[in-house]
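Residue numbers (my numbering), protein chains in the order written: chain A, 1 to 359; chain B, 1001 to 1335.
I should point out that these hints are in silico values taken from the structure, not numbers from a laboratory.
Errors might be hidden in some of the hints.
Some chain A residues judged to face chain B by a derived CB distance under 7 Å, without partners named [what the hints assert, rightly or not]:
hint, residue
1, 150
2, 153
3, 156
4, 157
5, 160
6, 164
7, 190
8, 194
9, 287
10, 320
11, 323
12, 326
13, 327
14, 330
Covered by chain A, according to a simulated footprint, are these stretches of chain B (three or more residues, beta-carbon under 8 Å) [unchecked claim]:
hint, stretch
15, 1101 to 1112
16, 1160 to 1166
17, 1192 to 1202
18, 1241 to 1249
Owing to the predicted nature of the structure, the values given are computational and were not obtained by experimental measurement.
For glycine and all other residues, C-beta sits at the position ideal for the given N, C-alpha and C.
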Amino acid sequence: MADLTGSDLTAAKAQDDVAAPPSAPRRGGAAGLVRWDTAVGALLAVLLLCSFGFVGDFGNTLNLSFLIGNTLPMAVIALPMTMLVAAGEIDLSVGSVAGLSGAVMGSLWNAGMAIETIIPLCLLLGLVCGLVNGLLVTRLGLPSLAVTIGTMAAYRGIAQIVLGANSVTDFPQQYLDFGSGRIPGTFLPYAAIPWAVLAVIAVLVLHATGVGRSLFAVGASAEAAWFAGIRVKRLRLSMFAATGVVSALTGVFWVLHYASARYDNATGLELSVIAAVLLGGVDFDGGKGTLGGAIGGVFLLGTLENTMSLVDVSAQSQTVVTGVLLVVSVLGPRAGRQLARTVARRRSAGSGSAPAATG
Amino acid sequence: MKIRELAIGAVLVLMLAATELDNGSFLSVQGIKDLLLNAGILVLVATGQAVVVITRNVDLSVGSVLGITAFAAGDILQDGGNPVLAVLAAVGLGIAFGLLNGLLVSIGQVPALVVTLGTLYVIRGVDSLWVGSREITANDLPASYSGFGHDGLWAIPYLGLLAAAVLVVVAFYLRHYRSGRELYALGSSPEAGRLAGVPIRRRVLTAYVLCGALAGLAGALYLARFGNVDSGTGSGYELTVVSAVVVGGVAFTGGSGSVHGAALGALLLTSINSVLPAIGVSSVWVLAIDGVLLLAAITVDRLTALRVARVLRNRAAATRSLRDHPARTRRLRHG
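This is chain A alone, in the form it adopts within the complex (with noise of 0.2 Å):
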């Protein structure tokens, strides 16, 4: 009697694994149907298309360039954030490596020096702020997170040792033109080229190459992923100094677009990275999500500040806005998993049912 109840668990669970991967993604309920950075993408074009109708000075051409430009620090970075987020890593200090980036292209202009020289300079120092976040994480096995809470403080800390309380603001003109004109005939700020050769390197690393499966790998399981040959700790190093790098261009990016180097630039950007990350269906355990849904994620959450702000929807709702969204792409994902497990197992108890009654 116990023998056949245990054979009777074995049969349900083996048919449970069986069918719950296959038809879970597919079952479970609306948020299953469609993958979810296809629906970021068709919530994306409905967002567009309304505010194309409805809101009479969305369309024009100053108002795109100016949603382009201020979503682009947000684009730029959510690249390398998607990998680290996909490999199961995660970096907060991005906003304030943006910041230091940004204070000392300000304090080594005013000390005279050449801009060619600077930016260079300002790359090089993102690269050492990855660095240091990703050695404290790979040689020390700290959390990503209790590592990134402390650099972003200091980060910005070092930031405010810099420069102070002052602004720089003297730029040359070819270069602040670079950072806040565009395409002539267009509505495509200067610096979406370089944000679309950054994009299609990254959307070609992550899913068409073998470092990008390896990204994947190590997020889902970091010990299947050595076992199977992956240098685990040195793509997660390299991940964190891409990040470094990138966060710094955006610090450059920053000063130049908004005409103004200060230590508190780009403050809480790592918030609205994350958030357009995760908004795009990236998993925050690692392992699952894309680019495309990310780039989308992005965008959306760029598109709906600028539609809201033209509306006279206060700054303020517009904090709650992207809250509520955060949450709710965490929550939205794993409920309906949940869900989808539920249904399963209620089927599979069902139809696992059967075969025991007869045997």
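Mind docking chain B on chain A? Use the hints.
For chain B alone, kept in the frame of chain A given last:
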């Protein structure tokens, strides 16, 4: 982990003594009082945060909760409300937000960091919408209320006494109550805790509610201490609180540390903020020092943990070889 608290205490005493040598007026009655006044609020919030971190979670929304509850208390007092009612309202509002965070984390099974990052935004946004450009100044408050935030017995402010009382109660609960021990158990290993019958969701919820309540109380006291509250009050405070807790030896990985460690961490961070101006260092250094201290604390924790693990492994290996080769026992005992 007693060593950790002793070490922080020693650093604190050394730092204060060195500052006193450099600047003789630093440890005057008023100086000590200011130090304790500034530390009191941070100690309260850090105590609540420590309880949450012990369960292997985190609450990043404490700064926003402190801001909104401070304004709520001020709003009641401004209209001539009862001070007790104002404090209760602040604590109640804090509990409501703690409940929200706790439900999302425990029922929703969402990573605590992401959820509380979201509620950090949401609560701050709601606060700004409600407050707008209004602000509460010390003139709007009854004298007795602001008095509580400034006065005290000789060098010890009432605020510090209150914080110490809360600290003792929470420490006693964590140490001597079954449900308090269970917070450590589930933080140390959620899976083992579940198998041992710990009601994980309820305990995590309790931790968040306690953290919210203490943040609310801290909000009411912030109002009494500073008298000046607007929509930006408490922003960025979560960073200081988390630093204090981690510097105080409560590990992010859960299950270890104590609330008095967190309180010492809070005292250390506040003291640094007071010491720097006293020895003539610009206050722009404060943020960087906080961050570096946090990094140093987690690094030291990790290195100690690795060392302890190695010692235990060696000892286990030695015991095993003694058991397997009895002949060597004598040699080892004599050696």
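Going through the hints against the structure:
The closest approach between the C-beta of residue 150 of chain A and any C-beta of chain B is roughly 4 Å, which is under the 7 Å cut-off, so the hint is satisfied. A hinted interface residue such as residue 153 of chain A counts as satisfied when its beta carbon comes closer than 7 Å to some beta carbon of chain B; here the least separation is about 3 Å, so the hint holds. Hint status for residue 156 of chain A: holds, given a least beta-carbon distance of 6 Å to chain B, under 7 Å. Evaluation of the residue 157 of chain A hint against chain B yields a held restraint, the C-beta minimum of about 3 Å falling below 7 Å.
Because the smallest distance between the Cβ of residue 160 of chain A and any Cβ of chain B comes to about 5 Å, under 7 Å, the interface hint for this residue holds. With its C-beta approaching chain B no nearer than about 6 Å, residue 164 of chain A sits inside the 7 Å limit, and its interface hint holds. With 7 Å as the threshold, the beta carbon of residue 190 of chain A stays out of range of chain B, its nearest partner Cβ sitting at about 31 Å, so the hint is violated. The criterion of a C-beta within 7 Å of any C-beta in chain B is not met by residue 194 of chain A, whose closest approach is roughly 29 Å, and the hint is violated.
Interface restraint check: residue 287 of chain A against chain B, minimum CB-CB distance 14 Å, threshold 7 Å, status violated. Checking residue 320 of chain A against chain B: minimum C-beta separation of about 3 Å stays under 7 Å; hint holds. Satisfaction of the interface hint for residue 323 of chain A is found here, the shortest Cβ-Cβ separation to chain B being roughly 3 Å, below the 7 Å cut-off. With 7 Å as the threshold, the beta carbon of residue 326 of chain A comes within range of chain B, its nearest partner Cβ sitting at about 4 Å, so the hint holds.
The beta carbon of residue 327 of chain A comes within 4 Å of a beta carbon in chain B, closer than 7 Å, and the hint placing it at the interface holds. A least Cβ separation of about 5 Å between residue 330 of chain A and chain B falls short of the 7 Å threshold, and the interface hint therefore holds. Judged by the Cβ-Cβ criterion of 8 Å, the stretch 1101 to 1112 of chain B is covered by chain A as claimed, because 5 of its residues qualify and three suffice. Only residues whose C-beta sits within less than 8 Å of a C-beta in chain A count toward coverage, and the stretch 1160 to 1166 of chain B has 0 of them, not enough to reach three; the restraint is violated.
As drawn, the stretch 1192 to 1202 of chain B meets chain A at 0 residues by the rule of a beta-carbon pair under 8 Å; below three, the given contact is violated. Taking a C-beta to C-beta cut-off of 8 Å, the stretch 1241 to 1249 of chain B contributes 3 residues in contact with chain A, enough for the three needed, and the coverage statement holds.
Checked against the numbered hints given earlier, the structure breaks hints 7, 8, 9, 16, 17 and satisfies all the rest.
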